[in-house]
Each structure stands twice: as structure tokens, then as C-alpha cells.
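Visitor: Residue-level listing of the chains:
Number of protein chains: 2
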Amino acid sequence: MTSRLFPALVAVRICPVPRAILEQIKKLIPPLDGSLHKGQSGRVGVLGGAMDYTGAPFFAAMTALRFGADLSHVICSPTAAGAIKSYSPDLIVHPILNEQSTCGQVTPQLQSLLSRLHVLVVGPGLGREPYMQSFAKLAIQIARESGTYLVIDADGLFLVGRDPSIIKGYRRAVLTPNVVEFKRLGEQIGVNPTAPAHERAGLISKLLGGVTVLEKGRNDLIAVDTTGNEANLKASHLSDLDEAKENTAETIEVDVEGGFKRCGGQGDVLSGAVGTFLAWGRCYEDGAFGDGSIQASRVPFLAAVGGSMVTREASHRGFVKQGRGLVTEDLIPELGAAFAEHFGSQARSGRL
Amino acid sequence: MTSRLFPALVAVRICPVPRAILEQIKKLIPPLDGSLHKGQSGRVGVLGGAMDYTGAPFFAAMTALRFGADLSHVICSPTAAGAIKSYSPDLIVHPILNEQSTCGQVTPQLQSLLSRLHVLVVGPGLGREPYMQSFAKLAIQIARESGTYLVIDADGLFLVGRDPSIIKGYRRAVLTPNVVEFKRLGEQIGVNPTAPAHERAGLISKLLGGVTVLEKGRNDLIAVDTTGNEANLKASHLSDLDEAKENTAETIEVDVEGGFKRCGGQGDVLSGAVGTFLAWGRCYEDGAFGDGSIQASRVPFLAAVGGSMVTREASHRGFVKQGRGLVTEDLIPELGAAFAEHFGSQARSGRL
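Protein chains in written order, with the numbering used here: chain A, 32 to 383; chain B, 32 to 383.
These aren't lab readings, by the way, just hints derived from the structure by calculation.
Remember, predicted model here, so these are calculated numbers, not experimental data.
One or more of the hints may lead you astray.
If chains are identical, the list can't say which one is meant, so a pair holds when it fits in one copy or spans any two.
Straight-line C-alpha distance at most 30 Å; calculated DSS-like pairs for lysine-lysine [stated by the list, open to error]:
1. K58 <-> K199
2. K292 <-> K69
3. K57 <-> K168
4. K214 <-> K199
5. K214 <-> K69
Make the full structure from the sequences, and use the hints.
Guide: Set out below in C-alpha cells:
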């Protein structure tokens, strides 16, 4: 079994059997029987890539494609676009985040792009140049307005730490901090420093009004807590029914064995994996496939668990082959087998 | 056995059994058991890459990753950045060495970057454009101030030859001259031209105040000599204890069979390999792992021996496969097996 349940601080709902969660995740996986049109297995966007970083957005966006998304877009600075384009002809790279452009100029471009996306992953290779941080903030605002799922990673979390209001109460968001980012974020939003380690992810979720938190580490913790006052913020894209049902506090530990090499970039793969599950959740929600039994409010938590499981498995498989020499590029070809390992080869290939 | 000992000119300390050196090198190799965080297996930087050369810094930086470093940075001119980025998404490429920038502008950027690195490899693809030479000199000064290990190769050695004071007495440095560079450097710093060939590397070390010299050739010679007057220069990052203990003169010959094809770029692989061992030495020194029994003053010599052994082995393995058509890119995939050949498959994969 691949996950372990912690008693949540306020355990309104505790998942009794992790297998039930696996079964819920499986329902979000698009069928591969020729019944879907282009795009109905996910249109993923990654916002990041500027002067210093070009590999990170590539890893996130390429992961989405190898995970099973139909289309994968990178929204980046012109300073990064050439290199990112060169990594793969399968990516669609939009160099619209120009340092010389105003938010007013970029807004309609972002609105147009985001209207075509099911999820936006904000952060891989974003960096901290002020113009990139500004455009990331703008994109998050536009995503909220259109009900687009969000993954916030890396320097996107730096942005959230400085101004938590930009994400607060938006339950279609998954935050994916690593050890350092998690510690900083907890301090910035005022998590009680004496709280037990395994409860902190849930506390961050609660303080941020019910966003899902994926705390990366030796094992990954995935937490959601919508029981706090902040949960009363009306989430514009949840029906009243959803609002009532999602009053929950839950923390799960994913202990699928990962690799032991801690090369940079594996977090970008994770963000792309979670993003793809979220995109599938949106397609599911829109009725492209599935039985409609999974509530939209449940999607971010399931996506975080599924993304974590497959990424850790891919890291393990890459590590078995490459050992000490593992680089993140080695994870990409492992995603298919890693996915099949946990969700079945039928889910991978569509054939029995 | 892989190395042979020369009687050093002033043999304060002679290593009796090369196996003992191998065992010391092994102590610097980070464990691969999941106990380390990202970065604790080394953060390597390479300074080089301008108008003419882009492959050299790639070879050095990519070698670091395939050797086992967690993160590998290239610090280069904007004229080289696009190509270097395109070679691999796993590298982090900083195009901050702009010909139009002043040293005053670049200094804080270099300080910020170097504060995050365990080693800086100066030279691969550096070239001789005056602005690149100036920035390289600046980076060496900043590295000295922060006690960062240094590898000086290629046109970084041109810089040292013109102004030996920039490296003199800094015992955290390894110089890696090829035949031509070695001859020129010897002339520039005044090595007695009648000295026997196998003593010259030690003489250069002595005249430069105890830096480690890796003289590349048919066999590689690694020498350190801290017995000269120049050794009395107080190395700011060595304790008094180190200072006393490291009063040594030692020369080792590494005769691991290399390839017979002398394609350009193999020296860049070597510089990345030595750099990674130095980064591990820094992590070891900082207590990330290990038993603390290796003195910091010993690290450069061990790193040079280990880097030489693995690089020659990788060259041999590439040559067996490619023969006359060998190119340096062929060495990179051989590094893992070459490493395992000399330091054990457990050291490569973390498993027995």
C-alpha cells in the first residue's frame, strides 16, 4: 500500500482506506479508447522561465505530455523562450512575458491563453525578477476569475508568501513546497511554530482558506483543511452543494519509494504531474468523460496524491538505472511505467 | 593498481600505499541512502562560455551532474548562454558576464551565486576576451574570500600565468594544465627548466604556495608541495591545526588507461570531475556526512586523484566503443560505470 493516514487535527472526515482514494483518482483518468477529442485529455499551461531558468518549465510541461495531457503550453519571458523551444518541438512556448510590457498589455494575452487551459502551473523557473513576479500574480488573478485549476510551486510560493491573499480561499489551488519553501511559508502566514510536524501542512491549508498543500520531503504529505474561518470565503466556482460537502480536514502521507538522488528539477516534474491530474479533473468536471461521482472540490486533493505517487515512482525507477548520476531528464521516460505501476497498464495504454 | 608514487623532491610525507589514498577518496563520496537533502551531494559552478566556446562549460557542468552533484550552474556570457542552455535542461545557466557590465555590477551577482556553490571551476570555454578574463579574476577573488574550492583550467590558467598572485597560497585550488599549459605556466612562474620532468608539477605547486597541480599527459601527475617559503602565506580558511599538518610534498602518477583519441573537451570533463570531488569535500567538511577524519587540507589532492582516475576510465570506455570517432560527448554516459569501476558499484548506486 502506498499511503498512510494521519489523524487530522480536526478530523471532520477521515479516509478509512487509502484504496478508496486510489479508486477515486482512477476515475479522473481519461479513457483511452478513441472517444475523446484533442484537448479532452488535458490542456496544461506552465508559467515560468526567465533569465536563469529554462529547464524547470520544460520539465513541468514535458511531464504533462508524457503523463498524458494532449497539449502543453509554456508561458515565459523572451529571455527563456529560445532554449525552452529547443528542448522539444512538442511544447507550445509563448514568450509573452516581456520585461518591457505592462500588465495592461499582457492581461488580454493571458486571458486568451488561460481561457484555453484546464490548469496553470505557476512557478517552475519563474525566478524573482520583479516583472516575472508581477506577471505571475496577474496570471493567478486571471486563473481565479476563470476557475482554472492552479499549481503553485518554487518562486510562485515566494509570491504567495509575500502576499497570501492572492491564493487565500481559492480551493482549486495546490501548493507544492519543498522543505525550505514549506518552512518559510509557514513562518510567513503564521503557523504556530510549536505545532507537530505532521500537522503543519494541514494548518497551512486551513490558514490559506482550504487550498491543498503538498509538502515534499522524505515522504510527501498532502493536506487539505476547509474547517477554518477562512473556509467561509465564498469560492466562486463551487456550488452551494460543494461548499457544504467539502467541510473536511484530511492529511495523507505518500510513502511510495522515491530515488535517493536529490538532483534539482524533480519538483518541476511533480508540479507537471499534479497539474495534469488537475487538468483531467477539469475535463471530468466538464463532462468529457466519467460518471460524475467525484465532486470538483475533491479534485485538488486527489490530484496531489496521484501526482506525488507517480513522480516518486519515476524518480525511483530513474535512480535504479542511473544511480548517483541521475538527472531529472531521466525521469521523463519513466513516467509511463511509473503511472502504470500505480494505476494499471490499462490506464496507460487504454488496452487490456 | 591505478597509481604510482614518485619520490618527491622534499618528501616530508610520502604516501606508502595508493590503496590508502583510494580509501581516503571514498570517504568523500556522499552516501546514497536518502539521508541527504538537495544540494548536500554538491552544488557545482562552472565559469566559462563566451563567443567561441560553449561546449567546454557544458562538458564540465554536465560531468558534475553525471558524476553525482545535485545542482550544476554555468556562469557565462550572454553570447554563449542560449547554446549552453539548449544542450541540457538540467543545467542552470546564468548569463551574467555581460561585456557591457562593470565589475562593480557583476560583483554582487557573483557573490550571491558563489555563496550557494561548493566549488567553482574557472576556465572551460572562458576564452581570452578581456572582459571574460576580468570577470574570471573577479570570481577567483570572491571564491577566495568565501573559502570556495576552485578548479582552474584552460584559459583560467592563462590568467594565472599572467598574474600568479591571484591564486598563490590558496590551497583550496586545483590547477589542471595540459602539456602546453603546463609548459607555459612553468616558464611564467620561473620553474627551473633543468628540473626533471616528474618533479615539475611539485615545483609549480611549491612556487604557487601549495595549490594542487594536476598535470595532464600520457599519465596524469598530481602534486602538492606546501614546504616552500610561499607556504607560509596564511591560508585564511585553514585552521592552525591544518596548517601544521599539511606541511607535505607528494606526487602521484595516475596511470589508469585512458582512450587514445585526443579529442578536444576531455579536459573539461576532467575539470568537472575534480570539481565534483571538491564539492563533496566541502559537504564533508561541513558535516553533511562522513566521519570527519579527512582534513580539509587533504581534499584538493584527493579530489584531483579521484577526478583523474574516473575521467581516464571514461575516456577509455568511450574509446573502446567509438575508436577513432570518439567525441567528448561520448564520455558523459560512461562516467557512471567508470566511477563504479574504481569506487565500487555501491558508491555509484547506494545499494550493495
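Visitor: A separate judgement is required for each hint: does it hold in the structure or not?
Guide: Structure-based check of each hint:
no., hint, in the structure
1, K58 <-> K199, "within (28 Å within a copy, 48 Å between copies)"
2, K292 <-> K69, "between (36 Å within a copy, 8 Å between copies)"
3, K57 <-> K168, "neither (32 Å within a copy, 48 Å between copies)"
4, K214 <-> K199, "within (18 Å within a copy, 42 Å between copies)"
5, K214 <-> K69, "between (40 Å within a copy, 15 Å between copies)"
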